[in-house]
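*Asks:* Dock chain B against the given chain A, drawing on the hints supplied.
2 protein chains.
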Amino acid sequence: MSSYCMATYRLFDEKADFHKKAQGIAVGLTVGSWTDLPEAKKKHMEKHLGKVVSVDVHEPPGGERFADIQIAYPDANFSRDIPALLVTVFGKLSMDGKIKLLDLHFSESFLEGFAGAKFGVRGVRQLLGVHDRPLLMSIFKSVIGHDLPELREQFLLQALGGVDLIKDDEILFENPLTPIEKRVEIGMQAAREAERQTGQKLLYAVNLSGPAGHLSEQAKKAIAAGANALLFNVLAYGFDTLRELSSDPEINVPIAAHPALAGAFYPSPYHGIAASVLLGKLMRLAGADLVLFPSPYGSVVMPKEENLAILQALSATNAADYIFGGNAENTADSLRLASSFPVPSAGIHPGLVPLIIRDFGLDVVVNAGGGVHGHPMGASAGGWAFRQAIDAVVQGASLQEQAGRHPELQAAVQAWGIKQA
Amino acid sequence: MSSYCMATYRLFDEKADFHKKAQGIAVGLTVGSWTDLPEAKKKHMEKHLGKVVSVDVHEPPGGERFADIQIAYPDANFSRDIPALLVTVFGKLSMDGKIKLLDLHFSESFLEGFAGAKFGVRGVRQLLGVHDRPLLMSIFKSVIGHDLPELREQFLLQALGGVDLIKDDEILFENPLTPIEKRVEIGMQAAREAERQTGQKLLYAVNLSGPAGHLSEQAKKAIAAGANALLFNVLAYGFDTLRELSSDPEINVPIAAHPALAGAFYPSPYHGIAASVLLGKLMRLAGADLVLFPSPYGSVVMPKEENLAILQALSATNAADYIFGGNAENTADSLRLASSFPVPSAGIHPGLVPLIIRDFGLDVVVNAGGGVHGHPMGASAGGWAFRQAIDAVVQGASLQEQAGRHPELQAAVQAWGIKQA
Chain A
11 MSSYCMATYR LFDEKADFHK KAQGIAVGLT VGSWTDLPEA KKKHMEKHLG KVVSVDVHEP
71 PGGERFADIQ IAYPDANFSR DIPALLVTVF GKLSMDGKIK LLDLHFSESF LEGFAGAKFG
131 VRGVRQLLGV HDRPLLMSIF KSVIGHDLPE LREQFLLQAL GGVDLIKDDE ILFENPLTPI
191 EKRVEIGMQA AREAERQTGQ KLLYAVNLSG PAGHLSEQAK KAIAAGANAL LFNVLAYGFD
251 TLRELSSDPE INVPIAAHPA LAGAFYPSPY HGIAASVLLG KLMRLAGADL VLFPSPYGSV
311 VMPKEENLAI LQALSATNAA DYIFGGNAEN TADSLRLASS FPVPSAGIHP GLVPLIIRDF
371 GLDVVVNAGG GVHGHPMGAS AGGWAFRQAI DAVVQGASLQ EQAGRHPELQ AAVQAWGIKQ
431 A
Chain B
11 MSSYCMATYR LFDEKADFHK KAQGIAVGLT VGSWTDLPEA KKKHMEKHLG KVVSVDVHEP
71 PGGERFADIQ IAYPDANFSR DIPALLVTVF GKLSMDGKIK LLDLHFSESF LEGFAGAKFG
131 VRGVRQLLGV HDRPLLMSIF KSVIGHDLPE LREQFLLQAL GGVDLIKDDE ILFENPLTPI
191 EKRVEIGMQA AREAERQTGQ KLLYAVNLSG PAGHLSEQAK KAIAAGANAL LFNVLAYGFD
251 TLRELSSDPE INVPIAAHPA LAGAFYPSPY HGIAASVLLG KLMRLAGADL VLFPSPYGSV
311 VMPKEENLAI LQALSATNAA DYIFGGNAEN TADSLRLASS FPVPSAGIHP GLVPLIIRDF
371 GLDVVVNAGG GVHGHPMGAS AGGWAFRQAI DAVVQGASLQ EQAGRHPELQ AAVQAWGIKQ
431 A
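Residue numbers (the numbering used here), protein chains in the order written: chain A, 11 to 431; chain B, 11 to 431.
Only chain A is shown next, with the shape it has when bound in the complex:
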């Protein structure tokens, strides 16, 4: 039995025969030609032929005509890696008119090529010993041009605010002032210092950067210096590089995937790759333990339905969400891939915590930069304001009530307000 991976596309066209177009894709991106083949050859080539799974034509009155098309591609045609799959299903096709890649489903056999995240939601929670509430991450604010003592001070202030994770700025690259192993050293020192006060563990995701071929070595250098997490600009290097890092047994720390460059792919309705594929399924497949993406609340916005589609892709436990084909029993199975932590980012302040938890549930990382550092009472108070907001929502209390008990949250609420869920 052949097995297939399936791509879902949206095509806009005023008058195309979408069924014919779908057939053209199924043949053109697999065996090349079909009707011309001699019968004997057809028998042999059948297992390499793409199949049209569905064609769903929409002609909204007053709107643009489009079709959602699903094509199944035989596994026999491509190696079990993301570059081969993407080049097959959206290589040439990406350049062929108004077409967007909306979704991917994988064959069981293709999925077997991927170990997924080493830690995922459960593993990250275990490392931190935090199981019953959303995690809190803070982002370095100003890092470029600052030296190690300055970074250490900023790190310590954040760590003393009770955050669970601190991430590097994604634009902090290898540099002589604060090289990765030195950053790790001062960061982990500060983390231990804070832990003596807070009693709390902390992960510091340092930014991997530089030549593609040296990333693995750089990761190991950082780990040897004490790094307990990594940040990675996945889209600048390709998904397979993330997969290699995440599946390397020596890189035994969680990897946070940054969405830098993602806006070059997902925002257009007519072109590119949907956010739920780019920052959802492919990140999870490639092994991201945490995935950052623009929240629907803040300054850099993504529509909420796209956020929720990412969440669904990162957390789905039903195999049918990922697997195409197989028998009905199998697709009711649970997915073997670890769930990745969703990290909706940008413009987050404590008054948004009720909304974040309503939309994402408890398995979410509340991630803030300005919302921590810009707190009227300083960065540590900024962290605590978030922790207080999280505790309130988890305990079913209102932020107003909680703010009455905690000056940090009170100040945050005065500065940024509360958005009711």
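Calculated directly from the structure, the hints in this document are not laboratory data.
Bear in mind that the values here come from a model prediction, so they are computed numbers and not experimental data.
Accuracy of the hints is not assured; some may be wrong.
Said to hold, decoys possible - Short derived list, chain A residues pointing at chain B, Cβ under 8 Å:
1. G38
2. T40
3. F183
4. S219
5. G282
As the list claims (entries may be wrong) - With a cut-off of at most 20 Å between alpha-carbon atoms, the simulated EDC-like pairs for lysine to aspartate or glutamate come out as follows:
6. A:K151 <-> B:D106
7. A:K151 <-> B:E49
8. A:K57 <-> B:E316
9. A:K151 <-> B:D46
10. A:K53 <-> B:E195
11. B:K52 <-> A:E160
12. A:K151 <-> B:E56
13. A:K57 <-> B:E160
14. B:K211 <-> B:E315
15. B:K57 <-> A:D331
16. B:K57 <-> A:D179
17. A:K151 <-> A:E163
18. B:K151 <-> A:E49
19. B:K151 <-> A:E56
20. A:K51 <-> A:D106
21. B:K53 <-> A:E195
22. B:K31 <-> B:D78
23. A:K52 <-> B:E118
24. B:K30 <-> B:E69
25. A:K108 <-> B:E184
26. A:K108 <-> B:E315
27. A:K51 <-> B:E160
28. A:K57 <-> B:D157
29. A:K51 <-> B:D78
30. B:K53 <-> A:D106
31. B:K211 <-> B:E195
32. B:K151 <-> A:D106
33. A:K211 <-> A:E195
34. A:K31 <-> A:D66
Every residue, glycine too, gets a C-beta built ideally from N, C-alpha and C.
*Replies:* Using the frame of chain A, we list chain B on its own:
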């Protein structure tokens, strides 16, 4: 003296203060905040601060309001690699509304980190011993599911047609039926066999594929088996992987960059990365000897002005086209980077050769799949028809006249017509 790389963006917004927005980008993507800094700190941070170079606001009557904005980013902020530059100038920013990256100019210092193509136009011509006409490339037609003897036969037919280059289909990945070293072996055998008849050299660009970390090893295996060129799906792996391959002294053959997935980036006016950056400057910088892109003539189309912008990016010899800043004398210098061969592709037949040469000049690769294999007299005649068309245009003869002398061209012209330049 600080040196800077400069990014040019197009932003659409109905009412934004574009000057303020530009300032926000220049500060936000570099030092983070500026007005709040103490004076002493400003002095130190000045060298890390981004600068607004220009803001050009357009309010076309009846059209959408937009601005072209140029921001200079200090080299001090990023390492000398394409991922770091892209993440700096278009990482977070790509997700911030309707914004497209239109152009990049590099500092001299940044450019020094790049060797560019090993061969380029001149080197590829030297390998082939062809200096006075456009080159001809043909593309394997059906490859998936075909075995080595079938590929050899198809290869031989193409090679006997007088083509200069043959490229793998970009969707042919490592597979048990036709593994890369076996493909190379039978291809190069067929090339030698054809050379005995045609007296002509031929480059066979075999497709590199599979895990990112094994590409270099795979390239070397192919070269050891006799490969004299490589094809690479650059965007599936990232520009830095191309740079690593192209700058590896042991990978001493030309690399043809395939544009698979490029349509996820360039077609929207509102989002993504312009084709001239994606398939032009960055490919050249990363060391592509030949760059394929959708022609403006054929089935998979790109507007002609974008094609010409790619051509300009691949062939510019004036340093000012690539370098930002420096003194006026330097920017009149010629660019050290080798030119890359433009390969406008898709829908090409012999009747388009006059147009191709008018638009691209003689330093172009005429690249055809269906236009070779679909020739009424077979693939070899298909190749000769192109060569005859090329010769006619180079000698200033008309295709009609030339077709009267050559049955192959005659048949091609009857099948597909002539587009007058």
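*Asks:* Mind checking the alpha carbons of A:K51 and A:D106 for me, to see if they're no more than 20 Å apart?
*Replies:* It is violated: about 29 Å lies between the C-alpha atoms, which goes past 20 Å.
*Asks:* Classify the hint on A:G38 as holds or violated, based on whether any CB of chain B lies nearer than 8 Å to its CB.
*Replies:* Hint violated; A:G38 Cβ to chain B Cβ min 10 Å, cut 8 Å.
*Asks:* Given the hinted pair B:K31 and B:D78, is their alpha-carbon gap at most 20 Å?
*Replies:* holds (11 Å)
*Asks:* Given the hinted pair A:K57 and B:D157, is their alpha-carbon gap at most 20 Å?
*Replies:* holds (14 Å)
*Asks:* Between the alpha carbons of A:K51 and B:E160, is the straight-line distance 20 Å or under?
*Replies:* Since the Cα atoms of A:K51 and B:E160 sit roughly 12 Å apart, the hinted pair holds (cutoff 20 Å).
*Asks:* Does A:D331 lie within 20 Å of B:K57 when you go C-alpha to C-alpha?
*Replies:* violated (50 Å)
*Asks:* Is B:K53 close enough to A:D106, meaning Cα to Cα at most 20 Å?
*Replies:* violated (51 Å)
*Asks:* Can the restraint linking B:K211 and B:E195 be considered satisfied, given a maximum Cα separation of 20 Å?
*Replies:* Holds, at roughly 16 Å.
*Asks:* Is the hinted pair A:K108 and B:E315 satisfied, with a Cα-Cα distance of at most 20 Å?
*Replies:* Holds, at about 19 Å.
*Asks:* A:K108 and B:E184: Cα distance at most 20 Å?
*Replies:* Since the Cα atoms of A:K108 and B:E184 sit roughly 30 Å apart, the hinted pair is violated (cutoff 20 Å).
*Asks:* Does B:K53 pair with A:E195 here, judged by a C-alpha cut-off of 20 Å?
*Replies:* The given pair, whose Cα atoms are some 28 Å apart, is violated under the 20 Å limit.
*Asks:* For the pair supplied as a hint, A:K52 and B:E118, confirm whether the alpha-carbon distance does not exceed 20 Å.
*Replies:* With a Cα-Cα distance of about 56 Å, the restraint between A:K52 and B:E118 is violated, given a limit of 20 Å.
Checked against the numbered hints given earlier, this structure breaks hints 1, 8, 10, 14, 15, 20, 21, 23, 25, 29, 30; the rest are met.
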